[in-house]
Amino acid sequence: MGDERVSEHEPDPGHGEPQLRAHLVVERPRFRLDIELTAAAGQVIALLGPNGAGKTTALRALAGLTPLSEGHITLDGRPLHSLPVERRPIGVVFQDYLLFPHLSALDNVAFGPRCRGASKHDARRTASAWLERVDLEEHAAAKPRQLSGGQAQRVALARALAVEPRLLLLDEPLAALDAHTRLEIRSRLRRHLGDFDGATILVTHDPLDAMVLADHLVVIENGGVVQQGAPAEVARRPRTDYVARLVGLNLYRGVADEQQVTVGDVVFSVTERIHGPVFIAFPPSAVALFRTRPDGTPRNLWQARIEGIERHGDNVRVHLEGPIAVAADITPAAVADLDLTAGQEVWAAVKATETHAYPA
Amino acid sequence: MVLAVAGMAFLVLPLAGLLVRAPWSTMPERLAEPQVLEALRLSLVTATIATAVCLVLGVPLAWLLARVPFPGRRLVRALVTIPLVLPPVVGGVALLLVLGRRGLVGQWLESTFGFSLPFTTAGVVVAEAFVAMPFLVISVEGALRAADLRYEEAAATLGASRWIVFRRVTMPLIAPGIVAGAVLCWARALGEFGATITFAGNFPGRTQTMPLAVYLALETEPDAAIVLSLLLLVVSVAILAGLRDRWVTSA
Numbered sequence: 008m009g010d011e012r013v014s015e016h017e018p019d020p021g022h023g024e025p026q027l028r029a030h031l032v033v034e035r036p037r038f039r040l041d042i043e044l045t046a047a048a049g050q051v052i053a054l055l056g057p058n059g060a061g062k063t064t065a066l067r068a069l070a071g072l073t074p075l076s077e078g079h080i081t082l083d084g085r086p087l088h089s090l091p092v093e094r095r096p097i098g099v100v101f102q103d104y105l106l107f108p109h110l111s112a113l114d115n116v117a118f119g120p121r122c123r124g125a126s127k128h129d130a131r132r133t134a135s136a137w138l139e140r141v142d143l144e145e146h147a148a149a150k151p152r153q154l155s156g157g158q159a160q161r162v163a164l165a166r167a168l169a170v171e172p173r174l175l176l177l178d179e180p181l182a183a184l185d186a187h188t189r190l191e192i193r194s195r196l197r198r199h200l201g202d203f204d205g206a207t208i209l210v211t212h213d214p215l216d217a218m219v220l221a222d223h224l225v226v227i228e229n230g231g232v233v234q235q236g237a238p239a240e241v242a243r244r245p246r247t248d249y250v251a252r253l254v255g256l257n258l259y260r261g262v263a264d265e266q267q268v269t270v271g272d273v274v275f276s277v278t279e280r281i282h283g284p285v286f287i288a289f290p291p292s293a294v295a296l297f298r299t300r301p302d303g304t305p306r307n308l309w310q311a312r313i314e315g316i317e318r319h320g321d322n323v324r325v326h327l328e329g330p331i332a333v334a335a336d337i338t339p340a341a342v343a344d345l346d347l348t349a350g351q352e353v354w355a356a357v358k359a360t361e362t363h364a365y366p367a
Numbered sequence: 170m171v172l173a174v175a176g177m178a179f180l181v182l183p184l185a186g187l188l189v190r191a192p193w194s195t196m197p198e199r200l201a202e203p204q205v206l207e208a209l210r211l212s213l214v215t216a217t218i219a220t221a222v223c224l225v226l227g228v229p230l231a232w233l234l235a236r237v238p239f240p241g242r243r244l245v246r247a248l249v250t251i252p253l254v255l256p257p258v259v260g261g262v263a264l265l266l267v268l269g270r271r272g273l274v275g276q277w278l279e280s281t282f283g284f285s286l287p288f289t290t291a292g293v294v295v296a297e298a299f300v301a302m303p304f305l306v307i308s309v310e311g312a313l314r315a316a317d318l319r320y321e322e323a324a325a326t327l328g329a330s331r332w333i334v335f336r337r338v339t340m341p342l343i344a345p346g347i348v349a350g351a352v353l354c355w356a357r358a359l360g361e362f363g364a365t366i367t368f369a370g371n372f373p374g375r376t377q378t379m380p381l382a383v384y385l386a387l388e389t390e391p392d393a394a395i396v397l398s399l400l401l402l403v404v405s406v407a408i409l410a411g412l413r414d415r416w417v418t419s420a
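For the record, the sequence lines run as chains G and X.
If you count by the working numbering, then the first sequence holds residues 8 to 367, one letter each, in order.
If you count by the working numbering, then the second sequence holds residues 170 to 420, one letter each, in order.
Just so you know, not all the hints are guaranteed correct.
[Said to hold, decoys possible] A few chain X residues that face chain G, going by a derived Cβ cut-off under 7 Å, partial list only: (1) A329; (2) S330; (3) D392.
Because the hints were derived from the structure by calculation, they are not lab data.
Just so it is clear, CB atoms sit at the ideal spot from N, CA and C, and this is done for glycine as well.
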């Protein structure tokens with residue numbers, strides 16, 4: 008199926024030339040989305056960001072459901088933004104799937120091919136092939152309300168792919184699923200995205216979905232791109248508090264001089280040799296707490312007050328205030344040993360080898 | 170509690186009275202009278218045609234009111250619902266003034282097509298449709314407003330044009346609303362009296378529908394009036410019962 012599709016289209020516009028190039032500007036009262044996106048064929052881009060950041064607006068703009076105030080969208084070298092929704096070669100999976108309640112699973116999937124000119128018979132054949140690919144052929148006659156969440160999601164994916172889109176848009180495709188189903192559907196989705204030869208834009212607020220499914224992350228906050236890169240790179244070197252919290256790191260801005268980074272009143276020694284404004288990041292598990300001032304180097308050491316204590320997985324997360332706000336993960340045994348309570352003064356230390364400094 | 174029972178009695182007793190006073194012994198002959206059958210046939214046919222007219226004109230109108238923002242939309246909606254509160258006789262008079270032989274549009278109709286509506290069966294349909302259409306428009310407009318627009322967006326992303334979206338997604342989604350509106354519309358048309366007698370007159374076989382026949386019979390032959398009333402009651406209840414399970418409850 009993939010081979011046919013490639014031959015139908017113009018020759019490859021050349022290596023490195025992205026399949027999708029978009030500059031999306033949507034003006035709203037008190038909100039402005041302004042982002043640039045590029046995606047190569049076969050690439051999966053995740054738009055990650057907090058609620059209200061503009062992720063879904065960006066997706067709707069790509070689909071043509073929300074008009075652009077400015078900017079452009081080019082897909083396969085052709086302008087997309089001047090086409091009405093129904094003429095765009097796109098497939099969309101909506102957050103709550105929006106399967107047509109009056110049509111069977113098969114007819115939902117056949118809807119797209121039928122609208123794009125296939126005969127009733129051909130559309131149904133295409134649809135049943137797609138249902139087979141998502142392992143739902145025995146549910147072809149079921150109405151959407153008879154399907155489980157995971158099954159509905161797969162029908163929605165089949166429906167979006169059945170029109171053989173060049174651009175696949177997924178809006179929080181796993182958000183409506185329970186934890187167990189989510190795990191299974193995530194790996195299925197990953198497989199289908201691997202088979203898809205067009206570009207995929209995935210909107211999510213779940214860092215795990217983004218890390219597992221995407222080749223490239225674009226983090227959006229307040230309508231603008233704040234960071235992008237490969238998932239591992241973004242996870243290792245967060246550039247905003249939001250990203251740092253998502254990937255579970257403490258993040259600060261400081262000034263570096265050789266192997267020393269100053270953040271407010273605290274001085275960190277680091278392994279990198281850099282100068283000027285930097286970010287410094289370290290995981291909560293790298294922070295050790297002491298009742299009294301430990302001996303040795305004054306670096307990587309500061310006095311803090313416990314703001315709160317909460318369970319965090321198998322460990323205990325201690326929130327510290329003081330010169331810098333820090334999250335520290337320690338074992339329940341350590342909490343008992345140190346007899347920690349909120350409001351208490353403690354000393355906090357971080358090992359130099361567990362910090363990571365990079366240019367801001 | 171007492172008031173509730175009184176309220177129920179108030180609604181049910183007259184219907185019971187109809188049953189008690191009905192001339193059961195002579196019922197079969199009376200029902201077979203050509204005049205009764207004629208009136209019944211005329212009523213059913215005109216109410217059904219009027220409902221069809223309301224569907225053809227009312228659904229697009231409801232769509233316009235629900236989906237297309239235009240200046241003066243609220244005014245148009247108010248105007249559309251006027252027949253709902255207008256005394257039907259006034260509606261009949263208004264129709265005569267516009268569509269009558271000397272009316273604004275009627276004059277032109279007559280001179281151009283040699284065709285005149287008042288006092289014809291077509292006139293009955295016009296009078297019924299005029300009075301009944303707001304029921305359909307309001308019901309369909311409500312269904313359109315309640316329908317989730319995002320299904321239509323999903324259909325558009327799959328390549329469906331506006332018309333396909335309306336036909337294959339919007340219409341099925343609002344089908345219960347359309348059916349409920351059509352039933353209300355049909356029932357209203359079936360019982361229509363004031364506008365019909367004013368605009369279309371009372372000619373047996375041509376414009377004399379059941380309600381007109383009941384009224385006329387009441388003066389000359391009270392028993393016949395009761396029979397006709399019972400017949401109307403049975404038809405109404407049958408429609409209500411027949412549709413309730415399938416549409417009204419699931420809507």
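Quick rundown of the hints versus the structure:
With a least beta-carbon distance of about 4 Å to chain G, the hint placing X:A329 at the interface is held under the 7 Å criterion. Look at X:S330: its Cβ gets to within about 6 Å of chain G, closer than 7 Å, so that hint holds up. Taking 7 Å as the C-beta cut-off, the interface hint given for X:D392 is violated, the closest approach to chain G being about 50 Å.
This entry does not satisfy hint 3, going by the numbered hints stated previously; all others are met.
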